[in-house]
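Student: For chain A, the structure is supplied; the task is to place chain B on it using the hints.
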Amino acid sequence: EAAVTQSPRSKVAVTGGKVTLSCHQTNNHDYMYWYRQDTGHGLRLIHYSYVADSTEKGDIPDGYKASRPSQENFSLILELASLSQTAVYFCASSIREGNTLYFGAGTRLSVL
Amino acid sequence: GEKVEQHESTLSVREGDSAVINCTYTDTASSYFPWYKQEAGKSLHFVIDIRSNVDRKQSQRLIVLLDKKAKRFSLHITATQPEDSAIYFCAASIAGSSGNKLIFGIGTLLSVKP
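Protein chains in written order, with this note's numbering: chain A, 1 to 112; chain B, 1 to 114.
With the rest of the complex left out, here is chain A:
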């Protein structure tokens, strides 16, 4: 069954530490996205990619990097985690822009 799988499902990180969130999709989709969810802000786009080895900045890219080594995999990297990055992070894929997003289960990140 086609799916978007995120790992880890939850993570506790220390301030200033490095965090990598991983996403793997078997949908054969070109587009992949990273969103964060915060109460009162809904979902905000951090980075996205429409082809392997290329990433684009979303609306709130500061403090985050992204990596798309293959069509199936898309990572979000926090080089120096900060308290303000505590949130739930969702990865999603779509066949093309302007089409249905398929979301992963989410990663709950707590930065202490």
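Everything labelled a hint here was simulated from the structure, so no lab data went into it.
A few of these clues could be false.
[To be verified] Pairwise CB distance ranges, derived in the manner of DEER restraints:
id : chain 1 : residue 1 : chain 2 : residue 2 : range
1  : B       : Ser59     : A       : Asn73     : 29 to 35 angstroms
2  : B       : Thr26     : A       : Thr100    : 21 to 27 angstroms
3  : B       : Lys42     : A       : Lys57     : 38 to 44 angstroms
4  : A       : Thr86     : B       : Leu11     : 35 to 41 angstroms
5  : B       : Glu39     : A       : Asn73     : 26 to 32 angstroms
6  : B       : Ser18     : A       : Thr100    : 23 to 29 angstroms
7  : A       : Gly16     : B       : Asp17     : 32 to 38 angstroms
8  : A       : Ser7      : B       : Ser18     : 39 to 45 angstroms
9  : B       : Gly41     : A       : Thr26     : 20 to 26 angstroms
10 : A       : Gly16     : B       : Asn53     : 48 to 54 angstroms
11 : B       : Asp67     : A       : Thr100    : 20 to 26 angstroms
12 : B       : Lys42     : A       : Ile95     : 20 to 26 angstroms
13 : A       : Gln71     : B       : His45     : 20 to 26 angstroms
[Unchecked claim] Subject to a maximum C-alpha distance of 20 angstroms in a straight line, what follows is the list of computed SDA-like cross-link-like pairs (lysine to any residue):
id : chain 1 : residue 1 : chain 2 : residue 2
14 : B       : Lys57     : B       : Asp67
15 : B       : Lys42     : A       : Arg9
16 : B       : Lys42     : A       : Ala87
17 : B       : Lys3      : A       : Arg9
[To be verified] Sample of chain B residues at the chain A side, in silico, Cβ under 8 angstroms:
id : residue
18 : Thr28
19 : Tyr32
20 : Leu44
21 : His45
22 : Phe46
23 : Phe89
24 : Phe104
25 : Gly105
26 : Ile106
27 : Leu109
All of these numbers come straight from a predicted model, not from anything done at the bench.
Glycine included, each C-beta is placed from N, C-alpha and C at the ideal position.
Tutor: Okay, now just chain B, sitting in the frame of chain A:
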């Protein structure tokens, strides 16, 4: 920047009644308007969408209306059931320098009471 405003942060209805969630958007060029549902503690999944070439779309108990002049769209859930209780997010496509992307509203928590 472009925005999507979701007007009801919470909504409570009785089972069997209709629920309406309203959103407005700022980008005149927006052409795609999906809705997503997030049940408690779970991820989001797509429920229905509408494109700018139509002003109404229905899928079973879900109806989406689009008013391009007012830059407003709405989700109507008829004959609500307890399993409709969830957070509903509206979104609109925004044209960017690297292609279109979706901007989400903040979500509406719908409670359907028996």
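Student: Each hint needs a verdict: does it hold in this structure or not?
Tutor: Structure-based check of each hint:
About 33 angstroms separates the C-beta atoms of B:Ser59 and A:Asn73, a value consistent with the hinted range of 29 to 35 angstroms. Distance hint check: the CB atoms of B:Thr26 and A:Thr100 are about 23 angstroms apart, consistent with the given range 21 to 27 angstroms. The hint said 38 to 44 angstroms for the Cβ distance between B:Lys42 and A:Lys57, and at roughly 28 angstroms that hint is violated. Between A:Thr86 and B:Leu11 the CB atoms are about 28 angstroms apart, so this pair departs from the stated range of 35 to 41 angstroms.
Take B:Glu39 and A:Asn73: their Cβ atoms lie about 27 angstroms apart, and the range 26 to 32 angstroms holds. At roughly 25 angstroms, the beta carbons of B:Ser18 and A:Thr100 sit within the given window of 23 to 29 angstroms. Between A:Gly16 and B:Asp17 the Cβ separation comes to about 51 angstroms, which falls outside the hinted range of 32 to 38 angstroms. As the Cβ distance of A:Ser7 to B:Ser18 is approximately 40 angstroms, the hint placing it in 39 to 45 angstroms holds.
Taken as a hint, the range 20 to 26 angstroms holds for the pair B:Gly41 and A:Thr26, whose Cβ atoms sit roughly 24 angstroms apart. As the Cβ distance of A:Gly16 to B:Asn53 is approximately 50 angstroms, the hint placing it in 48 to 54 angstroms holds. At about 23 angstroms, the beta-carbon gap between B:Asp67 and A:Thr100 stays in the expected band of 20 to 26 angstroms. Distance hint check for B:Lys42 and A:Ile95: the Cβ-Cβ separation is about 23 angstroms, which falls inside the suggested range of 20 to 26 angstroms.
A hinted range of 20 to 26 angstroms for the beta carbons of A:Gln71 and B:His45 is consistent with their spacing of about 22 angstroms. Distance check on the hinted pair: B:Lys57 and B:Asp67 sit about 12 angstroms apart at the alpha-carbon level, within 20 angstroms; holds. Of the supplied pair hints, the one linking B:Lys42 and A:Arg9 holds, its CA atoms being roughly 12 angstroms apart against a limit of 20 angstroms. Annotation: proposed proximity of B:Lys42 to A:Ala87 holds, straight-line Cα distance about 14 angstroms (limit 20 angstroms).
For the given pair, B:Lys3 sits about 30 angstroms from A:Arg9 by alpha-carbon distance, which is inconsistent with the 20 angstroms threshold. Hint status for B:Thr28: violated, given a least beta-carbon distance of 16 angstroms to chain A, over 8 angstroms. Interface restraint check for B:Tyr32: the shortest CB-CB distance to chain A comes to about 5 angstroms, inside 8 angstroms, so the restraint holds. The closest approach between the C-beta of B:Leu44 and any C-beta of chain A is roughly 5 angstroms, which is under the 8 angstroms cut-off, so the hint is satisfied.
Taking 8 angstroms as the C-beta cut-off, the interface hint given for B:His45 holds, the closest approach to chain A being about 7 angstroms. Checking B:Phe46 against chain A by beta carbon gives a least distance of about 5 angstroms; that is within 8 angstroms, so the hint holds. The criterion of a C-beta within 8 angstroms of any C-beta in chain A is met by B:Phe89, whose closest approach is roughly 6 angstroms, and the hint holds. About 4 angstroms separates the beta-carbon of B:Phe104 from the nearest beta-carbon of chain A, less than 8 angstroms, and the hint is met.
At its closest, the beta carbon of B:Gly105 sits 6 angstroms from a beta carbon of chain A; the interface hint therefore holds under the 8 angstroms criterion. Hint on B:Ile106 holds. Least Cβ distance to chain A is approximately 4 angstroms, under the 8 angstroms limit. Interface restraint check: B:Leu109 against chain A, minimum CB-CB distance 11 angstroms, threshold 8 angstroms, status violated.
The earlier numbered hints that this structure contradicts are 3, 4, 7, 17, 18, 27.
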